[in-house]
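Trainee: Sequence:
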Amino acid sequence: MMFHHRSLTDKFLLFIKGLSMGAANKVPGVSGGIVAFVVGFYEEFIYSLQRINVKAFRLLFAGRFRSFYQYINGTFLSILVLGMLFSYFSVSKILDYFLERQELLVWSCFFGMIIGSIYFISKDFKHWNKRTIPAGIIGLVVGISISFLSPARENDNLFFIFFCGIISVSGMTLPGLSGSFILILLGNYVLLLVDSVNALYDTLVEVFQGDFSFTENTQRLDTLKVLAVFTAGSAAGLVTLSHLLGYVLKHFKNLTTAVIIGFISGSLGVVWPWKRAVYKVGQDGLPLTDSNGDAILANYQRYWPDLSQVENLWALVSIAFGIGILIALEWYGKNRLERKNKPAA
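Every letter in the sequence shown is one number past the one before it in UniProt numbering, and letter 124, counting from 1, is 124.
Errors might be hidden in some of the hints.
[To be verified] Straight-line alpha carbon distances no greater than 30 Å define the calculated DSS-like cross-link-like pairs of lysine-lysine that follow: (1) Lys253 - Lys55; (2) Lys123 - Lys250; (3) Lys253 - Lys126; (4) Lys280 - Lys225; (5) Lys11 - Lys253; (6) Lys253 - Lys123; (7) Lys123 - Lys11; (8) Lys130 - Lys253; (9) Lys250 - Lys11; (10) Lys250 - Lys126; (11) Lys11 - Lys55; (12) Lys130 - Lys250; (13) Lys250 - Lys55.
In short, the hints are calculated from the structure, not lab data.
Kindly generate the complete structure, drawing on both the sequences and the hints.
Mentor: Encoded structure:
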């Protein structure tokens with residue numbers, strides 16, 4: 001795959017896409033890979049990660065830094081990753097704010113975006129046959145099944161944390177599979193995507209202020225160690241999964257696309273807006289809590305909305321807005337491609 005030169009505008013738009021991907025990765029039920037797939041850089045993302053291989057490390061250790069950077073498509077990866085990291089401390093905090101105050105509208109918007117992404121991916125897929133139809137059904141069944149799994153309890157064992165890192169990036173490499181939702185099932189969503197990120201943010205703020213008191217805070221140091229191991233696992237997962245998916249996309253593209261369409265369709269159950277949280281209770285009938293004193297989520301109870309209620313009508317508007325975002329992205333991508341292919345006058 002040939003990597004192309006990017007203008008300043010392209011780089012800015014790629015940064016925005018990184019923001020969107022980072023925000024999506026943090027939301028349970030939403031996959032950052034959907035963002036990559038829909039806005040058209042999914043294959044470049046996978047193939048760029050695939051370039052982080054033995055040859056790349058040989059160039060790096062030989063001191064050929066420019067060649068290394070060009071070989072791994074460094075401009076693309078660095079801007080995208082920078083956008084995702086920035087998202088974790090900005091867009092995702094805004095997202096957390098609205099999830100606390102307007103949860104129904106936020107989930108409705110995500111629901112609409114996933115409906116839009118299903119349309120976007122499937123509209124040009126003309127390869128349904130006796131092989132791809134069963135593949136799509138398998139993806140659908142797996143996607144639906146995930147939404148009915150019950151979460152585990154929090155576990156800060158470092159080997160398990162490393163494994164969580166590998167699993168968490170699955171949503172970036174496989175559209176439709178939400179890495180953050182998998183972390184909920186594993187019981188470590190709050191620890192890894194809330195507590196550890198907040199600990200890093202607080203530490204960076206203190207360091208910029210010249211305050212190094214965190215070095216005496218055992219709990220903070222333990223949380224930062226957990227984040228470091230989680231990050232290492234995520235990096236390992238990105239590289240290994242990208243090599244696997246790169247091979248699959250190259251040799252079984254139609255089957256893979258069919259599975260992805262089915263999987264995303266099945267994931268609609270995960271982000272169904274009208275749901276109530278159900279928490280685990282002990283033998284005494286009282287809610288069980290984690291190490292932070294927060295109630296432990298068991299699963300969600302889904303229900304059909306009463307459309308006579310104004311908030312549910314607004315939720316439908318939010319779903320339409322989410323679909324509209326994907327239609328706008330499709331329009332942007334199509335027009336950009338037409339302008340790029342238009343012969344010069």
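Trainee: Look at each hint and say if it fits the structure.
Mentor: Now the hints, each set against the structure:
1. Lys253 - Lys55: 26 Å, holds
2. Lys123 - Lys250: 21 Å, holds
3. Lys253 - Lys126: 12 Å, holds
4. Lys280 - Lys225: The hint holds at about 28 Å.
5. Lys11 - Lys253: With Cα atoms ~28 Å apart, Lys11 and Lys253 stay inside 30 Å; holds.
6. Lys253 - Lys123: Roughly 16 Å separates the two Cα atoms, so the pair holds.
7. Lys123 - Lys11: 28 Å, holds
8. Lys130 - Lys253: Judged against 30 Å, a Cα distance of about 15 Å means the pair holds.
9. Lys250 - Lys11: 27 Å, holds
10. Lys250 - Lys126: Roughly 18 Å between the alpha carbons, so the hint for Lys250 and Lys126 holds.
11. Lys11 - Lys55: Judged against 30 Å, a Cα distance of about 26 Å means the pair holds.
12. Lys130 - Lys250: The given pair, whose Cα atoms are some 20 Å apart, holds under the 30 Å limit.
13. Lys250 - Lys55: Between Lys250 and Lys55 the Cα gap is close to 20 Å, so the pair holds against 30 Å.
In this structure, every one of the numbered hints holds.
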